[in-house]
Amino acid sequence: MSLLEIENLSLSIGDTPILRDVELFVAPGEVMGLVGESGSGKSITALTVMRLLPWSARATGRVVLDGIDILAASEDQMCALRGDDIGMVFQEPMTALNPVKTIGEQVAEGIRWHTKASRADAEDRARKMLDRVGLPSTKFPLSRYPHELSGGQRQRVVIAIACALKPKLLIADEPTTALDVVLQAQILDLLRDLVAENRMGLLLISHDLAVVTEMADRITILRHGEVMEAGDTARTLSEQLHPYTRQLAQASMHVPARARTHEVGQDTPLLQGAKPLLQVDSVTRDYPGRRPSLLKRAAPIRAVDDVSFSIDPGQSVALVGRSGCGKSTLARMILALDGPTSGTIRFRGEVITGKSEAELKPARRDMQVVFQDPYGSFDPRQKVEKLVAEPLHVLEKKPTNTERREMVAKVLHEVGLSPRDMDKYPHEFSGGQRQRLSIARAIITRPKLVVADEPVSALDVSIRAQILDLLAELNQKLGVAYLFITHDLTVARAITDQVMVMYDGRIVERGRTSEVLDHPQSEAAKALVAAAPDLHRAIARRLLEQG
Amino acid sequence: MTTYLLNRLAIAVITLVLASMVVFAVLEIIPGDPARLMLGMNANADQVELLRNQMGLNAPLALRYLHWAGGLLSLDFGRSYTYSVPVIDLVRERVVVSLPLALIALALSTIIAIPVGLFSAGRHGRAGDTIATGAAQLGVAVPNFWFALMLIYLFAVWLRLVPAGGFPGWSAGVWPALKSLVLPAIALALPQAAILARVTRSALIEVLNEDYIRTARAKGLPYRAVLWRHALRNAMIPVLTILGLQFAFLLAGTIIIENVFYLPGLGRLVFQAITQRDLIVVESVVMLLVAAVIAVNLLVDLSYAVVDPRLRSRQ
Chain A
1 MSLLEIENLS
11 LSIGDTPILR
21 DVELFVAPGE
31 VMGLVGESGS
41 GKSITALTVM
51 RLLPWSARAT
61 GRVVLDGIDI
71 LAASEDQMCA
81 LRGDDIGMVF
91 QEPMTALNPV
101 KTIGEQVAEG
111 IRWHTKASRA
121 DAEDRARKML
131 DRVGLPSTKF
141 PLSRYPHELS
151 GGQRQRVVIA
161 IACALKPKLL
171 IADEPTTALD
181 VVLQAQILDL
191 LRDLVAENRM
201 GLLLISHDLA
211 VVTEMADRIT
221 ILRHGEVMEA
231 GDTARTLSEQ
241 LHPYTRQLAQ
251 ASMHVPARAR
261 THEVGQDTPL
271 LQGAKPLLQV
281 DSVTRDYPGR
291 RPSLLKRAAP
301 IRAVDDVSFS
311 IDPGQSVALV
321 GRSGCGKSTL
331 ARMILALDGP
341 TSGTIRFRGE
351 VITGKSEAEL
361 KPARRDMQVV
371 FQDPYGSFDP
381 RQKVEKLVAE
391 PLHVLEKKPT
401 NTERREMVAK
411 VLHEVGLSPR
421 DMDKYPHEFS
431 GGQRQRLSIA
441 RAIITRPKLV
451 VADEPVSALD
461 VSIRAQILDL
471 LAELNQKLGV
481 AYLFITHDLT
491 VARAITDQVM
501 VMYDGRIVER
511 GRTSEVLDHP
521 QSEAAKALVA
531 AAPDLHRAIA
541 RRLLEQG
Chain B
1001 MTTYLLNRLA
1011 IAVITLVLAS
1021 MVVFAVLEII
1031 PGDPARLMLG
1041 MNANADQVEL
1051 LRNQMGLNAP
1061 LALRYLHWAG
1071 GLLSLDFGRS
1081 YTYSVPVIDL
1091 VRERVVVSLP
1101 LALIALALST
1111 IIAIPVGLFS
1121 AGRHGRAGDT
1131 IATGAAQLGV
1141 AVPNFWFALM
1151 LIYLFAVWLR
1161 LVPAGGFPGW
1171 SAGVWPALKS
1181 LVLPAIALAL
1191 PQAAILARVT
1201 RSALIEVLNE
1211 DYIRTARAKG
1221 LPYRAVLWRH
1231 ALRNAMIPVL
1241 TILGLQFAFL
1251 LAGTIIIENV
1261 FYLPGLGRLV
1271 FQAITQRDLI
1281 VVESVVMLLV
1291 AAVIAVNLLV
1301 DLSYAVVDPR
1311 LRSRQ
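If you read the sequences in order, they're chains A and B. At position 187 of the first sequence (counting the first as 1) the number is 187 in our numbering, and the numbers step up by one without a gap. At position 70 of the second sequence (counting the first as 1) the number is 1070 in our numbering, and the numbers step up by one without a gap.
Treat the hints with care, since some could be wrong.
[Unchecked claim] Here are the simulated lysine to any residue pairs, SDA-like style, with alpha carbons at most 20 Å apart:
1) LYS101/A / LEU1302/B
2) LYS397/A / ARG381/A
3) LYS116/A / PRO1222/B
4) LYS101/A / VAL1307/B
[To be verified] Calculated from the model, a selection of chain A residues having no Cβ within reach of chain B, i.e. all distances over 12 Å:
5) ILE13
6) LEU81
7) ASN198
8) HIS224
9) VAL351
10) GLY354
11) ARG537
In case anyone wonders, no lab produced these hints; they're calculated from the structure. Backbone N, C-alpha and C define an ideal beta-carbon position, used for all residues, glycine too.
The task is simple: from the sequences and hints, build the whole structure.
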């Protein structure tokens, strides 16, 4: 018998239909992967099981958990179920914990509420649970506050809250999307162990096919609120009978066609006369640390430690590393948004460190940036024409209005949008289109170098494939060099010639992308490669396990 | 935490010193010679000069400032020009009325506002919220002296529960004195409570959209428990800020209410001193109020740290 049975679940919010005839089963001790792109209704399905839907949501159909009809249950019954029989882990660990309560209080709260245990008993159980999720009492006493923990540690606390009462069903909604690959692997291992220990059912929601394949026994693929395909993970993904399954799998493994790749780099001698575009020489960046007391000087925190490398014109280089390793600090210094504590950065042969904004203007023209979040990087009250034309103020000669419109039209065409789009506002575009807009904004000045900070990590797989194609095409057509900052090795593999692995402020390994990713030498690179989910590998392993 | 505390304390002291300089400078700039003012229009120049020397008005500016500021520290504010009594005595008489009045009003306002805010936010967008928000809107719009008149009519004239005005003094006993402060405190508190309820409501509504509220709901806590245990404390920062501002206003901005109820409070003292150009009294009361406001702000800053552990560990 199934633990969770969802049949004919349809749901609408106001007049908008969100789910249609969704069917999904989770057996005790089973991991069910729920996969789909953004807006497919994955999270709403989870919230329906928790009955934590918005007021205006109306659900019909059958949702039964261990014999209890969820849709018909009273709010009191639901309160008794939540946290006791069903636990839930959310996507964003940084905001999922109450900032003014200690982790001990937050884990113990649910225990006290459901079991009526005394404070001491509840805290005792909370302590054991925190130990279990990998937060030992020596470093993580109950009196710690969430802001004293990192993202991965906070997610462990959220898991401790969700699993404190050994629920029958655990729902994990994108539990590792906000974490770097190494943390992701650790959290997934933890979830897997907890499921096995307690014979919990796990409903794992993810947009990442590789993660789900590694974890799930069975898989349900959702699109526009409808189930496309459901079944055994290995068989579903190896046979790929349903066209949408095939499309998703292919997009996940997509590698853009790149006619010529740039192989000049540190391991081959520079061609005669070819000067590096960007040269970073023993750059170090310190941040002031926290003062231990008023009278003692704080020891500085070294974010970037003696980094040197160069990028040739037209070269595509990935900078990979775990979160907090100094990637973004390094990128900010290359973009001259931040100055190094010591060392120099040369761009097109000229030193850009310690220059005034006016002196930097010519350099700014030739280097642009694409950010991760296509939602946050545009002023919502400005039209596309103005947004995309923004970098034009660094040009020596200000273009006239007609010239400007022509330039914007041309660049919109280049990124696969219509020139007519220039009179629209950002909210009229989808996430993928918005990322095209930020690429258009980056290339309108015809830069020689584009720094892209996780440019596709907020996008769905099919959109991600398209954006990677676009970036690859622009690299070929315009000869623009890329510095890709990413924690996603698939992206690095898809689009870069060279990869640099950063660890603890230093670049610990550099080489041809395929070489580094296939035969990593340094410990840091090995850890990254081992932790990175890989769909090919995962399917192969699943098939092997299941014969 | 210690760093935060010392930091705030240092800022408070610096603000106080700067404020005292501004107050002193303004009174220096304002035309009018206190000595001539005290002696009247008929005094001759020699007499005025003699008094100026006596009062130390001929000393260099910096010295006079230090003398004045030193006096403030030892609670010696000088003598009132019009009453010819030490300013501190005048102030003392009035503070024992104004301070309890402000505190009672503040307490009342908080007691009314927080539950209304919780009620409203818990029913965000539904009928109960609309009614509560409408009532708060009315409370903000209607001036406090109108409330005062209605309260006098209802409780003093009609029900005869409390006196309509005047203050018997604390020597007449605690209960009669308190009784005469009840109506003015309610009149003062109602508009403040309306503002505070609105701030509480909007702060709570913002907090209720946070992810950790969903986490708390997923633990199985009922909505009401989530509101009290998780949302309220996180919504306290803006509420405390407004409370601090309100206290400053209640201490000295109550002149209309003091007049309506014929209370001998600080507001009336300042008002009279201004009309009589009794600048030393104005100066002293202004400095006292500045000190009170700075002290309250310091308290508010410290209470932030109590509410939010993140502030405790930051510098």
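Hint by hint, here is what the structure shows:
1. The straight-line distance between the Cα atoms of LYS101/A and LEU1302/B is roughly 18 Å, inside the 20 Å bound, and the hint therefore holds.
2. A distance of roughly 27 Å separates the Cα atoms of LYS397/A and ARG381/A; the hinted pair therefore is violated under the 20 Å criterion.
3. Simply put, LYS116/A and PRO1222/B have alpha-carbon atoms about 15 Å apart, close enough for the 20 Å limit, and the pair holds.
4. A threshold of 20 Å between alpha carbons decides the hint, and for LYS101/A with VAL1307/B the separation of about 10 Å falls inside it, so the pair holds.
5. Taking the minimum C-beta to C-beta distance to chain B, about 15 Å, the non-interface status of ILE13/A holds against the 12 Å cut.
6. The claim that LEU81/A is not at the interface with chain B is violated, since a C-beta of that chain comes within 12 Å of its own (minimum 7 Å).
7. Consistency note on ASN198/A: stated as away from chain B, and its beta-carbon is indeed over 12 Å from all of that chain's, at 17 Å minimum.
8. The claim that HIS224/A lies off the interface holds: its Cβ sits roughly 25 Å from the closest Cβ of chain B, which is beyond the 12 Å cut-off.
9. Distance check for VAL351/A against chain B: the nearest CB is about 34 Å away, which clears 12 Å, and the non-interface claim stands.
10. The beta carbon of GLY354/A sits about 28 Å from the closest Cβ of chain B, which is more than 12 Å, so the claim that it is off the interface holds.
11. Look at ARG537/A: its CB is around 33 Å from the nearest CB on chain B, clear of 12 Å, so calling it non-interface holds up.
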